[in-house]
Amino acid sequence: MACKLKCADSERHQALALLLRAQDGDRAVLPELRETLDGSPRLVEIYGDLARNAQRAFVDMLAGKDLVVQEAAMRKVDQIRSQVAGPCPSPLEAILADRIALCWVHMQYADSMFVQNLAKGDASYRLRSYLQNRQDRCHRRLLSAVRALAQVRRLLRPSVAQVNITTGDQMNVAEVGPPSVRD
Amino acid sequence: MGWEKRQRGGRYYTRTRRVGGPRIREYVGTGQLAELVAEYDAEDRRDRQEQHRADSERIAQADCTDALVALLCECAEGSMGAQLEAAGYHLHHRGEWRRKHGMQTQVCG
Chain A
1 MACKLKCADS
11 ERHQALALLL
21 RAQDGDRAVL
31 PELRETLDGS
41 PRLVEIYGDL
51 ARNAQRAFVD
61 MLAGKDLVVQ
71 EAAMRKVDQI
81 RSQVAGPCPS
91 PLEAILADRI
101 ALCWVHMQYA
111 DSMFVQNLAK
121 GDASYRLRSY
131 LQNRQDRCHR
141 RLLSAVRALA
151 QVRRLLRPSV
161 AQVNITTGDQ
171 MNVAEVGPPS
181 VRD
Chain B
184 MGWEKRQRGG
194 RYYTRTRRVG
204 GPRIREYVGT
214 GQLAELVAEY
224 DAEDRRDRQE
234 QHRADSERIA
244 QADCTDALVA
254 LLCECAEGSM
264 GAQLEAAGYH
274 LHHRGEWRRK
284 HGMQTQVCG
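Read top to bottom, the protein sequences are chains A and B. So that you can map any letter, position 95 of the first sequence is 95 in the numbering used here, and since no number is skipped, the others follow by simple counting. For the numbering used here, add 183 to where a residue sits in the second sequence, where the first one is 1.
The hints are simulated quantities; they were obtained by calculation from the structure and are not laboratory data. Errors might be hidden in some of the hints.
For each label pair, taking beta carbons as the anchor points, the in silico distance ranges come out as [said to hold, decoys possible]:
#1 B:His284 <-> A:Arg27: 49 to 55 Å
#2 B:His284 <-> A:Asn53: 19 to 25 Å
#3 B:Cys247 <-> A:Ser124: 31 to 37 Å
#4 A:Leu20 <-> B:His284: 55 to 61 Å
#5 A:Arg147 <-> B:Ala250: 40 to 46 Å
#6 B:Arg277 <-> A:Val68: 40 to 46 Å
#7 B:Arg229 <-> A:Tyr47: 44 to 50 Å
#8 A:Arg137 <-> B:Arg229: 31 to 37 Å
#9 A:Pro91 <-> B:Arg277: 42 to 48 Å
#10 A:Ser144 <-> B:Cys247: 18 to 24 Å
#11 A:Val68 <-> B:Ser239: 31 to 37 Å
Derived SDA-like pairs (lysine to any residue); straight-line CA-CA distance at most 20 Å [to be verified]:
#12 A:Lys76 <-> A:Leu62
#13 A:Lys120 <-> B:Asp230
#14 A:Lys76 <-> B:Asp238
#15 A:Lys120 <-> B:Arg241
#16 A:Lys120 <-> B:Glu233
#17 A:Lys120 <-> B:Glu187
#18 A:Lys120 <-> B:Asp238
#19 B:Lys283 <-> A:Leu62
#20 A:Lys65 <-> B:Arg236
#21 A:Lys120 <-> B:Ala245
#22 B:Lys283 <-> A:Lys76
#23 A:Lys120 <-> B:Arg231
#24 A:Lys120 <-> B:Arg236
#25 A:Lys120 <-> B:Glu240
#26 B:Lys283 <-> A:Lys120
Predicted model, so just to flag it, every value in this text is computed and none were measured. By construction, the Cβ of each residue, glycine as well, lies at the ideal position given by its N, Cα and C atoms.
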């Protein structure tokens, strides 16, 4: 039992050392790193989910050292993502929902930076106008992300056959598919 | 902005500022008062340069984070485009996704 624990410990240390070297940009560890990542989907999930990492980074910048705000904000981001994605999203819908959550948190960050600089009162005209333009850009990006998801849902939704069965011998069948042109 | 040498000798402090469009030269004077004003102006200039540098740093940082978000958005947009094209749509005039008439949509989402 003790030997097993020791082995697991040394394996963990080796993996950690490998990750640290890889993070430093040591290309010599690439083959071993690829092998490790192939065998560990959890690591891929942690390091490879760039949108999630970016969301976390924005929340950290927004909340500073306040762990309550950090955790609450991260939950809010998760909530937005799952609400937007819906109960069983397709992989593309999941990506677009991730994008919406990222754009949302990015917009919150831009808003807070603008307000902070406004509250300070000593911000230059140049910085203020930059921050205001940035807010506009973030807002546009969020709207575009929302539009993309709506578009995908409308254009790629499966065709639904609508069947109306009346009491007599008549049965009407109509296929409802995606529209050919976006309006 | 600076000191002018006069023919009679001595230095004369002037400063130039922009009022609306054109630049106007303001003649401040000579002597101790002019020295004092010049010192004040130099300090003011240093402060403004410092502020400009700090602003540039903050803008560069913000641009950096924005670039990351833009990259991720582009990736998502690319995936969406690929999927829509695979389903038989094309981007019409870089604005709207259209499907050719009579083409069956393949849902692979």
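> Looking back at the numbered hints, which does the structure fail to meet, lowest number first?
Replying inline: 2, 3, 5, 9, 14, 17, 19, 20, 22 and 26
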